[in-house]
Amino acid sequence: MSQTSWAYLSNYTIYSAMVFFTAAFFSHAVEVAFSVKNEEAVTKFDFARTDRAGRIGSTMMWLGFIFLFAGVIFRGISAHRVPWGNMYEFSVTGALAFTGAYLFALTKYKIRWLGLPVSIAVLLTLGTAITILYRPSAPLVPALKSTWLAIHVSAAIVSGGVFLLANCIAGAYLILDRYESNSLPRPRWAQKLPELEVLDQLSYRLVAFVFPLWTFAVIAGAIWAESAWGRYWGWDPKETWAFITWIAYAAYLHARVTIGWRGRKAAWLCLFAGSTFLFNYIYVNIYGTGRHTYSGL
Amino acid sequence: MSTNELTGISLLRWIWRQLTSMRTALLLLLLLGLAAIPGSLFPQRSQNPMKVAAYFKANPTLASWLDRIRVFDVYSSPWFSAIYLLLFISLIGCVLPRTIEHLKAIGAKPPLTPKFLDRMEFAQIVDVDKKLALDKAEKWLRAKRFRVRREANSISAEKGYSRESGNLLFHLSLILILIGVGVGSLLGFKGEAIVSVGDRFINTPTSYDSLGFGKFQSEGSLIPFSLTVTDFKAKYDLKTNAPSDYTLSVLTSNPLGSKEVARVIKVNSPLTYRNTKIYLQANGYSPMVTIRDKDGKIAFQGATVFLPQDGNLTSTGAIKLPDMNPQMGFVATFIPTYDRNSKRGAFSAYPEVLDPRFLFSAWTGNLGLDSGIPQSVYRLDTTNMSRIALKQLALHETYNFGEGSITFEGWKPWVNLQIVDDPGKLYALYGAILAILGLLLSLFTRQRRIWIKVEQTVEIAGLAKNAAPGLEQEILLLKAKLEEEK
Ligand code: HEM
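Respectively, the protein sequence lines represent chains A and B. Residue numbering for the first sequence follows the numbering used here, beginning at 1 and increasing consecutively. Residue numbering for the second sequence follows the numbering used here, beginning at 1 and increasing consecutively.
Just so you know, the hints here were simulated from the structure itself, not pulled from any lab data. One or more hints might be untrue.
Unchecked claim - In silico lysine-lysine, DSSO-like type, Cα no more than 27 Å apart, as pairs: (1) K239/B to K215/B; (2) K465/B to K110/A; (3) K465/B to K481/B; (4) K108/A to K479/B; (5) K265/A to K465/B; (6) K479/B to K144/B; (7) K343/B to K239/B; (8) K104/B to K144/B; (9) K343/B to K144/B; (10) K109/B to K159/B; (11) K108/A to K465/B; (12) K108/A to K104/B; (13) K144/B to K108/A.
Make a model of the complete structure from these sequences and hints.
Okay, structure coming up:
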């Protein structure tokens with residue numbers, strides 16, 4: 001098959017993945033919305049009624065993941081390289097990592113309720129990617145031709161996916177905490193969420209789990225910069241913000257482990273650290289200068 | 001001893017204790033992050049001096065104020081270095097004592113069993129023969145590689161010391177990284193040189209276009225090698241015109257005068273001589289022209305380095321002839337693959353040389369080289385000059401402008417070599433590897449204690465550091481094991 005047909009195949013596979021994510025979105029929406037028995041008092045819920053919708057949602061999520069995975073691989077085949085050379089490819093692979101992190105956590109924790117926000121976030125990311133960020137498949141500029149590209153970028157993307165998942169959970173924590181601290185009942189969509197403490201621990205576990213990976217991503221970047229540009233650290237905007245993200249998460253871990261922060265304060269700090277990551281990804285890629293601007297925009 | 005001295009010493013002690021406290025260290029860490037931000041928002045001299053100059057032009061007063069607080073050199077500013085140094089001292093001050101303590105603790109026994117186990121987490125009453133309980137428990141705990149302290153009627157066991165070991169390893173590695181960074185900036189050097197194909201570069205300070213030494217480093221430390229650029233090949237993607245591959249072939253001799261060997265330098269694979277590395281950094285074209293005076297005598301012949309202006313390597317530069325009378329200069333553009341349209345005029349359509357043109361304007365008058373102000377070799381100061389010609393030449397064409405003539409003879413590629421010596425980077429690399437190992441060890445080890453006490457009943461309980469999960473199951477397992485008949 002020719003290079004172009006692989007690229008088309010990749011595009012179609014990614015479109016199909018979006019169809020599955022849309023289906024997952026509707027299933028999860030049904031799961032959340034119809035778990036309330038309207039004829040009875042508002043406080044009565046019957047999750048068994050919508051369990052099937054939830055299960056369908058998870059299946060759709062897995063299918064979307066598999067198709068997206070294939071789409072990323074086909075893109076790589078079409079370009080004869082790892083598929084993360086510009087911002088379109090970063091976004092698609094990032095969406096893959098994010099879904100992967102969610103599905104992985106799903107096998108260990110009861111967080112199916114996250115399916116709704118996760119499917120929305122994935123659809124938005126993929127939608128932006130195929131409309132605004134799309135670039136035809138092309139070879140890499142010489143500086144990107146390195147094994148370290150594969151190592152550095154994949155570590156960064158996976159860390160990013162998990163950071164964002166931790167952010168979703170910290171966000172959910174903060175919203176629910178508002179209800180509970182005012183002794184209000186949880187809103188309907190949140191009836192199935194675990195206890196606040198579980199959310200708190202879960203976002204910490206996720207961060208503690210990927211912090212070493214993020215550290216590794218930064219170090220791999222430095223090793224690559226050394227071989228491509230002659231210095232391992234140059235305070236390029238991208239590097240600077242990667243460092244800031246690293247410090248922010250280190251501060252979060254310290255605040256939890258050594259000062260004993262829990263709950264609200266910790267969740268805010270987690271959101272803050274995650275936003276430095278997003279800032280780096282969005283702002284520095286698009287508006288930034290410096291040597292990391294390979295976004296192709 | 002006067003009271004003054006006493007307070008002096010106690011003040012120093014107080015400062016030291018404050019500086020090496022955990023809270024200060026964390027604060028400094030956060031401060032380092034904050035201090036790094038302006039450097040990503042304002043242009044930096046070390047990365048992009050042109051942008052800094054443009055900023056000065058656009059906002060002169062603001063820029064001069066910002067410059068006073070070193071906003072354009074954040075990462076070499078005194079305040080950034082101060083935070084960095086304080087963090088360094090603080091880390092040492094707090095990690096070294098902890099390391100010593102930890103080394104002692106490794107040899108020591110776990111702490112005594114607390115008096116009241118029922119107040120501890122996961123406390124359980126175990127239904128087991130009191131005489132056998134401790135033996136059974138000890139056997140189980142030892143098999144699980146707990147460190148066990150057995151007293152007359154209790155056992156205190158602990159596992160997961162490697163959490164603290166990993167934690168200390170991580171923090172000590174950070175110190176190693178900081179040392180590596182420091183050594184590199186004090187003992188290294190970094191320089192750039194533009195070399196045309198066919199030319200020879202000899203590693204002495206005068207061969208460089210720019211060269212910067214660390215504080216404790218000097219010219220004597222340049223290792224004596226030479227490098228002749230024999231060939232440079234650039235490949236471009238036909239659809240996007242983006243470069244896809246650069247190959248630089250050189251003949252090098254090290255030490256100078258030894259037999260030359262052929263080597264290849266690529267973007268991601270520099271040439272290495274011990275700590276010195278030679279990188280391929282940028283490339284462009286040098287157009288070759290011959291300029292004759294009125295009498296037909298050659299006034300200039302050769303290649304001149306021009307700077308690329310766009311992705312298709314439209315390149316601009318200047319040729320200066322201070323020895324002609326009156327002095328002459330040329331402002332010129334080299335177009336590797338010529339195209340033109342009504343909107344842009346002449347431009348380059350492809351970065352390789354397929355159909356080259358040499359566009360120039362010729363000037364006579366005073367080049368202004370004696371004014372004492374350093375001039376860029378790529379620009380002509382035309383304030384005291386007048387233009388006598390404006391022309392476009394195809395390959396091998398000659399134009400006669402009355403005062404003389406100019407012939408477009410050809411072109412040569414040039415490459416920009418970056419030559420770097422960083423003796424600290426290996427420390428930083430080892431530090432980074434150890435830091436990750438330490439981090440993994442500390443984040444994935446669960447540290448916990450388990451106690452058993454035999455009094456009226458047999459009680460077990462435990463405590464997990466940082467609420468690490470899994471202790472409850474472990475205690476239930478132990479309970480089941482003890483209650484097993486046998
Ligand atoms: C003087 C400075 C520092 C001190 C005194 C310090 C102290 C500590 C302490 C006491 C812990 C808790 C370990 C435990 O009990 O399990 C810890 C953990 C940690 N520190 Fe530091 N630290 C310092 C600087 C740093 C720096 C500069 C970083 C880098 C970003 C850092 C990153 C971490 C990480 C990632 C953990 C692991 C958190 C966890 O166990 O979940 N620390 N540090």
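Do the hints match the structure? See the list:
no.	hint	verdict
1	K239/B to K215/B	violated (48 Å)
2	K465/B to K110/A	holds (25 Å)
3	K465/B to K481/B	holds (24 Å)
4	K108/A to K479/B	holds (26 Å)
5	K265/A to K465/B	holds (21 Å)
6	K479/B to K144/B	holds (14 Å)
7	K343/B to K239/B	holds (22 Å)
8	K104/B to K144/B	holds (23 Å)
9	K343/B to K144/B	violated (79 Å)
10	K109/B to K159/B	holds (11 Å)
11	K108/A to K465/B	holds (22 Å)
12	K108/A to K104/B	violated (39 Å)
13	K144/B to K108/A	holds (25 Å)
The structure shown violates the earlier hints numbered 1, 9 and 12.
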